[in-house]
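Peer 1: Given chain A, work out where chain B should sit, using these hints.
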Amino acid sequence: MSNLTLIQAVNDALHTTMQADPSVHVLGEDVGKKGGVFLATENLTNEFGEERCFNTPLSEDGIVGTAIGMAMNGLKPVAEIQFQDFIFPAFDQIVSEAAKLRYRSGGQYTAPLVIRTPYGGGIRGGLYHSQSGEAYFCHTPGLKVVIPSTPHDAKGLLISAIEDPDPVLFLEPKALYRAVKGEVPEGHYTVDLSTVREVRAGKDVTVFCYGAMVPVAEKAAEAAAAQGIDTRVIDLRTLLPLDEEAVLDAARSTGRVVVVHEAPRFCGFGAEISALIAEHAIEYMEAPVARVTGFDTPFPNTLEHHYLPDQRRVLDAIERVAHY
Amino acid sequence: MTVDSPSTSIRYRLLEEDGSLAGELPAYEDPWLRDLFVHLLRVRCVDQRMLKLQRAGRIGFVGSMLGQEASMIGTGAALREQDWMWSGLREGGAALMRGLPLDEYVAQMFCNSNDTAKGRQMCNHLQHKGSHYPSWSSVIGTQIPHGVGAAFAAKRRGSDEVHGIYFGDGATSSNGFHSGMNFAGVWKVPAVFVCVHNGWAISVPSSAQTAQSDYSKKALAYGMPGYRVDGNDVLACYEAMKVLVERARAGEGPSFLVVETYRLMGHSSSDDPTKYRDADEVAGWEGRDPIQRFRTFLEERGVLAVGEADSIEAELLAQIDAVVHAQEAAPPMALRSLVEDVYAEVPRHLRRQYNAFLRVAERYGEAQRGDGAFPL
Numbered sequence: 003m004s005n006l007t008l009i010q011a012v013n014d015a016l017h018t019t020m021q022a023d024p025s026v027h028v029l030g031e032d033v034g035k036k037g038g039v040f041l042a043t044e045n046l047t048n049e050f051g052e053e054r055c056f057n058t059p060l061s062e063d064g065i066v067g068t069a070i071g072m073a074m075n076g077l078k079p080v081a082e083i084q085f086q087d088f089i090f091p092a093f094d095q096i097v098s099e100a101a102k103l104r105y106r107s108g109g110q111y112t113a114p115l116v117i118r119t120p121y122g123g124g125i126r127g128g129l130y131h132s133q134s135g136e137a138y139f140c141h142t143p144g145l146k147v148v149i150p151s152t153p154h155d156a157k158g159l160l161i162s163a164i165e166d167p168d169p170v171l172f173l174e175p176k177a178l179y180r181a182v183k184g185e186v187p188e189g190h191y192t193v194d195l196s197t198v199r200e201v202r203a204g205k206d207v208t209v210f211c212y213g214a215m216v217p218v219a220e221k222a223a224e225a226a227a228a229q230g231i232d233t234r235v236i237d238l239r240t241l242l243p244l245d246e247e248a249v250l251d252a253a254r255s256t257g258r259v260v261v262v263h264e265a266p267r268f269c270g271f272g273a274e275i276s277a278l279i280a281e282h283a284i285e286y287m288e289a290p291v292a293r294v295t296g297f298d299t300p301f302p303n304t305l306e307h308h309y310l311p312d313q314r315r316v317l318d319a320i321e322r323v324a325h326y
Numbered sequence: 008m009t010v011d012s013p014s015t016s017i018r019y020r021l022l023e024e025d026g027s028l029a030g031e032l033p034a035y036e037d038p039w040l041r042d043l044f045v046h047l048l049r050v051r052c053v054d055q056r057m058l059k060l061q062r063a064g065r066i067g068f069v070g071s072m073l074g075q076e077a078s079m080i081g082t083g084a085a086l087r088e089q090d091w092m093w094s095g096l097r098e099g100g101a102a103l104m105r106g107l108p109l110d111e112y113v114a115q116m117f118c119n120s121n122d123t124a125k126g127r128q129m130c131n132h133l134q135h136k137g138s139h140y141p142s143w144s145s146v147i148g149t150q151i152p153h154g155v156g157a158a159f160a161a162k163r164r165g166s167d168e169v170h171g172i173y174f175g176d177g178a179t180s181s182n183g184f185h186s187g188m189n190f191a192g193v194w195k196v197p198a199v200f201v202c203v204h205n206g207w208a209i210s211v212p213s214s215a216q217t218a219q220s221d222y223s224k225k226a227l228a229y230g231m232p233g234y235r236v237d238g239n240d241v242l243a244c245y246e247a248m249k250v251l252v253e254r255a256r257a258g259e260g261p262s263f264l265v266v267e268t269y270r271l272m273g274h275s276s277s278d279d280p281t282k283y284r285d286a287d288e289v290a291g292w293e294g295r296d297p298i299q300r301f302r303t304f305l306e307e308r309g310v311l312a313v314g315e316a317d318s319i320e321a322e323l324l325a326q327i328d329a330v331v332h333a334q335e336a337a338p339p340m341a342l343r344s345l346v347e348d349v350y351a352e353v354p355r356h357l358r359r360q361y362n363a364f365l366r367v368a369e370r371y372g373e374a375q376r377g378d379g380a381f382p383l
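Quick note, the sequences are listed as chains A and B, same order. So in the working numbering, spot 280 of the first sequence is number 282, and the numbers just go up one at a time. So in the working numbering, spot 110 of the second sequence is number 117, and the numbers just go up one at a time.
Isolated chain A, as found in the complex:
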């Protein structure tokens, strides 16, 4: 066990898989000697050589497009997109190609690649270094979408993603890169994709969240506990495919639900959670589902702390559904 930050856990996962499997290759902008702008790939080039961890020309479309070809021909590419905000030139390659290849070829061809990218606000990055685009990708059958919130999960989920036979978009909450620290096992271990993590048990209200909203929801749950509202917190951690049964079980267990995400509300992931509950667990519900989200606006800069759901807004929603 070592006590690692989330970004160190990501680096550890890459290191662990590169050591175990010579087909794992890391590519992206500045991932070489510099080790990436957040240092997720620090020392990988030094240790594994420039042929295993290397810089690419500055083209996200090229990074993902070539990574798909590598994956189709026996390598295990782990591509980094420097900020999730810059992923859109590669949207076509992800949505039209990686996600559809297995299906359209009747299983003859597959693209088992991982695309890692930091997402989310909280670093004063403005419109183009802060967005949460998970919903665009969750609307894409064939893709898996994973978001860790702890160092332990970051390493275990990333190893699972690299070993997965399908393309995985691995969204890393950059606000948590150095803000959380935790025990991480040495060497190889996996955390299953498509399972949720119970962060906190509770019987009155369930809060569904993921990524950088997990510690926010946890703090809000603690504050609610002080008022006698026993709040369960569920970290979804794999958005696609979603563990729908776990979500429904948790919703049924409290009959009161809050969903929290940074991304804009309209057609956001919270809408899917709400619809799922409405379709399959409406008879258990004691209150309407409450969503605490970013605004339906571009991401602001100076006022980002008001745009992002915080402990007070989440607590307010917990109180509202608890007292409905």
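If you are wondering where the hints come from, they were derived from the structure by calculation, not from laboratory data. Only a predicted model underlies this, so the values are computations on that prediction, with no experimental measurement involved. The beta carbon of each residue, even a glycine, is placed where N, CA and C say it ideally should be. Each hint should be verified, as a subset may be incorrect.
[Unchecked claim] Distance condition first, Cα-Cα at most 27 Å in a straight line; then the derived DSS-like pairs of lysine-lysine:
1. A:K221 to A:K183
2. B:K162 to B:K136
3. B:K195 to A:K35
4. A:K36 to B:K249
5. B:K224 to B:K136
6. B:K162 to A:K36
7. A:K36 to A:K183
8. A:K35 to B:K162
[Claimed, not checked] Chain A side only, calculated, beta carbon under 10 Å to chain B, not exhaustive:
9. S98
10. G108
11. G189
Peer 2: Frame of chain A, contents of chain B only:
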């Protein structure tokens, strides 16, 4: 053509349009030349049969290869067995030559249950894993970086594969062309980019696609040599491609080959080209038939007896008709195919969606044996 002096303004040719020699020919074995002719003729026969089926409403869509047969057969013949061919809409004839069985080709055109892609793609989206002819999407240019990445993988694995990456003149405007060519140049991968310049991207002429009239010059921006070849001269296509493929195999990096030909039909069976191009232009190219050119050459050389080509054609058409007949009798598609192959395993939410659908399908008698519900 020598690779030491890329003459990007010279169009390489071995046979004149009338089938006479344009220059000195390499030593060819006659049976090999004859085989090449049969491959060319098969492309035309398959194409004509598919168009006929489309007009009869028996298949939905054809991207005709008419007039472009030499471009794909000549360059495709220069790829070895281990090499890959990344394609677009109009390279299916080369896939047949390289190993795609005719019945799989026709099954894909019918999108039936024998189709290796399980009827998931629209017609004319061929693939063949055995001869390294990957599945392609309808999106223009996306296969270009795939080929580059796969060539990179080949290099890393120490394989001697070369990747032939095919696309049309319209695709040179795409993101994938730029990123693919650029990455290939930087990584020096074993790839040959083959731009099948057929004059038209649906209704947009190649002159409106780029201000550079010589497409081969685009290669220079990516640090690789670019060449032009007469795409209706099957031997020139073969020789040019062979030089570049073996150059790539020797570790000398990627190159760019512009194969100049002409799309005689519309973009597809759904397109009416008379709305946007002159009949004179088409008639001019009809007079430059690549198959007739090669046939004249072979007849003069004595490889083909006069009239032999016609009997080969009749034999090919009979083979194709037999395959078409068999494929029309394919069993119905399994309904489970709706949710399979999205992921390696069918996830629970898709099993649930399928089961809900099946309940309705069963109610209306649409479900067959084997279409049963998934366990949840």
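Peer 1: Check whether the Cα positions of K195 (chain B) and K35 (chain A) lie no farther apart than 27 Å.
Peer 2: Holds, at roughly 21 Å.
Peer 1: For the pair we were handed, K221 (chain A) and K183 (chain A), check the Cα-Cα distance against 27 Å.
Peer 2: holds (16 Å)
Peer 1: Need the status of pair K35 (chain A), K162 (chain B): alpha-carbon distance at most 27 Å?
Peer 2: Given that 27 Å is the threshold and the Cα spacing comes to 22 Å, the pair holds.
Peer 1: If you draw a straight line from the CA of K162 (chain B) to the CA of K36 (chain A), is it 27 Å or shorter?
Peer 2: Given pair K162 (chain B), K36 (chain A) holds - Cα atoms ~25 Å apart, limit 27 Å.
Peer 1: Please check whether G108 (chain A) passes as an interface residue: C-beta within 10 Å of a C-beta belonging to chain B.
Peer 2: holds (4 Å)
Peer 1: Are the Cα atoms of K36 (chain A) and K249 (chain B) separated by 27 Å or less?
Peer 2: Violated: K36 (chain A) and K249 (chain B) sit about 41 Å apart, past 27 Å.
Peer 1: Does the closest beta carbon of chain B sit nearer than 10 Å to the beta carbon of G189 (chain A)?
Peer 2: violated (25 Å)
Peer 1: So if I understand the rule, the pair passes when the alpha-carbon distance is 27 Å or less; does K224 (chain B) with K136 (chain B) pass?
Peer 2: violated (33 Å)
Peer 1: Quickly compare the C-alpha distance for K36 (chain A) and K183 (chain A) to 27 Å and report which way the hint goes.
Peer 2: holds (23 Å)
Peer 1: How about S98 (chain A): closest beta carbon in chain B under 10 Å, or not?
Peer 2: holds (5 Å)
Peer 1: Can the restraint linking K162 (chain B) and K136 (chain B) be considered satisfied, given a maximum Cα separation of 27 Å?
Peer 2: Holds, at roughly 20 Å.
Violated hints, listed in ascending order, are 4, 5, 11; each of the other numbered hints is respected by the structure.
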